[in-house]
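Asker: Residues per chain are reported as follows:
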Amino acid sequence: QEISMEAQAEGIRTVFSDPTNFNVKHPLYSPWTLWFDSPMTKNRNLPQTPISAMPQTPGPMPPTPGVAAAQGWMEDIKRVISFDSVEEFWGLYNNIVPPSALPQKANYYLFKEGIIPAWEDEANKNGGKWSIQLPKDKNRSNVDKMWLYTMLAAIGETFDPSLTTLDPTGSPPNSLITGVIVSTRPQFYRISIWTRLAPAGEDDGSLKERIEGVGRHFKTSVLGYPDNAKLAGPLATEVEFLSHKDSEKKGKGKKIIV
Amino acid sequence: STVSGKPNIPAPLPSALATARIIDDLGRVPYPEGVRSPKVELNVNAKDGKFRYDRDFLMQFMSICKEKPDNLPPLDAIGLESQTMPYPMVRGGSQRGNRSGAAVAR
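Just so you know, the sequences run in chain order A and B. Read in our numbering, the first sequence has 298 at position 207, and its numbers run on one by one without any break. Read in our numbering, the second sequence has 109 at position 97, and its numbers run on one by one without any break.
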């Protein structure tokens, strides 16, 4: 291996130069927690639910009323693991079940640490989600790669292009992304990107643009579709955005489509 | 330490992952020939270890970081099991939540 003299002097060894005795790791923009549920996790009295796991997370945050309200929704969801480096992410990825091998009605929720995968969480309550639904038969062989690329864009923090163009003198800007989800259902898969904010109306132009940027990146770079592709069909949807408030109204809300 | 009075069980050696330090300056990290560095333009204003990484960079770790994390719980203990057999009972049309239907799969 060719390693510069300077690096040798500093003794920096990445996993690429020494896979067993590396001494530095690549930190992620945010720490992440993976959650899981399926029919198999229901009614199992296990200690790994968000409600019991939350007090272990660092920070002075007492349980918020929102978290308490989400308790019914969250009690069957199990915490798998938290991680904060690229190296740890791949150790997890290489030792866990891919979406194509999950049972029906299962979900992975990969969310920033401290944010629970529920509308009621402070970080989600004003937000929304980009999502796509894909027929299972045609996408069994694609879904694992789509989910991997979705996770990589989330942990690599490349969904929100405005992160680099914001004020360089300020503190690191708050990313729009709170988490990503993959769901397996009897006839389709769904992948979703949850955002911290949702445009409130036509007067919310700059946020709408920023949200649409996330959706376009999801459609083209992550899922690999052409920009102008029409995706809706039997059991399939376009890449579409809906605020959580509108989702609660059961389809009465206004969708954004890219 | 034996202060606690517990039997002195030697701790397992910490993995490299547990002792590796966090990179604070991506520009100083040497990558071997043939390994791509993270895209510079993603981190022009980066500070406090808040780095962004492109997919091509991240994918290079896939075949190297294979060790099971120490803190990964046994997957069957949280009901996370691979569905290797075809689902034995596909119920036509029913999309309602149905716990007993799922239990049949065991």
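Everything labelled a hint here was simulated from the structure, so no lab data went into it. Be aware that a few hints might be false.
Said to hold, decoys possible - Here are some, though not all, of the chain B residues that point toward chain A, as calculated from beta-carbon distances under 7 Å:
1) Ile35
2) Gly39
3) Val52
4) Cys77
5) Ile90
Virtual Cβ for every residue (Gly too), placed ideally from N, Cα, C.
Asker: Confirm or reject each hint.
Answerer: Now for the hints, and whether the structure bears them out:
1. Ile35: Cβ of B:Ile35 sits 5 Å from chain A, so the hint holds.
2. Gly39: With a closest approach of 12 Å, the B:Gly39 hint is violated.
3. Val52: B:Val52 check fails; min Cβ-Cβ to chain A is 11 Å, beyond 7 Å.
4. Cys77: 4 Å, holds
5. Ile90: Where the cut-off is 7 Å and the nearest Cβ of chain A is about 4 Å from B:Ile90, the hint holds.
Hints 2, 3 from the list above are not met by this structure, while the remaining hints are.
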